[in-house]
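A.B. asks: The lines below spell out each chain.
2 protein chains.
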Amino acid sequence: MPNPEKMIAAVHAYIAAFDAGDPDAVAALYAENATCEDPIGTPQHHGREAIRAFYTESMKTGAKLKLEGPIRVAGDYAVFPFSVNLHYEGSDKRIDVIDTFKFDDNDHVIEMKAYWGQINMHGF
Amino acid sequence: MPNPEKMIAAVHAYIAAFDAGDPDAVAALYAENATCEDPIGTPQHHGREAIRAFYTESMKTGAKLKLEGPIRVAGDYAVFPFSVNLHYEGSDKRIDVIDTFKFDDNDHVIEMKAYWGQINMHGF
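Protein chains in written order, with UniProt numbering: chain R, 1 to 124; chain X, 1 to 124.
Rather than coming from a laboratory, the hints here were simulated on the basis of the structure. Be aware that one or more of the hints could be misleading.
[As the list claims (entries may be wrong)] Each computed DSSO-like pair below joins lysine-lysine, with the alpha-carbon atoms no more than 30 Å apart: (1) 6(R) - 6(X); (2) 6(X) - 66(R); (3) 64(X) - 102(R); (4) 66(X) - 102(R); (5) 60(R) - 102(R); (6) 102(R) - 102(X).
[To be verified] Estimated spans, in silico, between C-beta atoms of each pair: (7) 22(X) - 62(R): 40 to 48 Å; (8) 50(R) - 87(X): 44 to 52 Å; (9) 33(R) - 3(X): 19 to 27 Å; (10) 60(R) - 49(X): 45 to 53 Å; (11) 121(X) - 89(R): 26 to 34 Å; (12) 61(R) - 16(X): 31 to 39 Å; (13) 118(R) - 85(X): 29 to 37 Å; (14) 66(X) - 60(R): 22 to 30 Å; (15) 43(X) - 5(R): 23 to 31 Å; (16) 67(R) - 123(X): 36 to 44 Å.
Just so it is clear, CB atoms sit at the ideal spot from N, CA and C, and this is done for glycine as well.
So that you can see chain R by itself, here it is in the shape it has in the complex (with noise of 0.2 Å):
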């Protein structure tokens, strides 16, 4: 089982390391063969490669991940609410999103579900 110390800081280290536009420390949180779905329902990235090069992507609208309340821990998942904070075109916009990160037994984040969706996007 993953170390629930390891996996909360895992979630602050992924979200400092998106906020740095640092998108190599958010595929190092991956293990080499995780999926990312985000948002559920759109198709799957696979591998810590493709993974890599999605957050390299989401990074360059400049967004900024705060986050909303605190991380819920449960057997090998860490789930926690946050914001998606966005500023262009003259006005701030977010996303409230609920990620959940299920872990291997190395700490390392295999599968990734992001959960948000029209309902959520404000100022767009």
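Dock chain X against chain R, hints included.
C.D. replies: Below, chain X alone, put in the same frame as chain R:
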């Protein structure tokens, strides 16, 4: 596909029915063949009757639920952060939880998973 407005209404109805101590009303939000896993990693309750029995027991604690942020709606999922608030043995207790509700085409919950663990229990 389930209807986003009906999914949001179902989450609010779920919280209201739980707080009213009405397991029949909670069970009615679920599909006949639904599953409920609370917390994730424990054995699933399978079918509306087993789910009703589970909520009947849960409600005996007198717990009240409080939504702690916006409901995320993505495809056929509604996902929401909330707290479970209890008072017994002379003190207030709180558990921070995130639930994922997956809906069927009739806007009933077909799969529920609750994410919370020891680290999310306060005042116990």
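A.B. asks: All the hints need checking, so say for each whether the structure fits it.
C.D. replies: Hints, one by one, checked against the model:
no. : hint                       : result
1   : 6(R) - 6(X)                : violated, 38 Å
2   : 6(X) - 66(R)               : holds, 28 Å
3   : 64(X) - 102(R)             : holds, 28 Å
4   : 66(X) - 102(R)             : holds, 26 Å
5   : 60(R) - 102(R)             : holds, 26 Å
6   : 102(R) - 102(X)            : holds, 18 Å
7   : 22(X) - 62(R): 40 to 48 Å  : holds, 47 Å
8   : 50(R) - 87(X): 44 to 52 Å  : holds, 49 Å
9   : 33(R) - 3(X): 19 to 27 Å   : violated, 36 Å
10  : 60(R) - 49(X): 45 to 53 Å  : holds, 51 Å
11  : 121(X) - 89(R): 26 to 34 Å : violated, 44 Å
12  : 61(R) - 16(X): 31 to 39 Å  : holds, 38 Å
13  : 118(R) - 85(X): 29 to 37 Å : holds, 31 Å
14  : 66(X) - 60(R): 22 to 30 Å  : violated, 37 Å
15  : 43(X) - 5(R): 23 to 31 Å   : holds, 27 Å
16  : 67(R) - 123(X): 36 to 44 Å : violated, 22 Å
The structure does not agree with the numbered hints 1, 9, 11, 14 and 16 stated previously, though it agrees with the rest.
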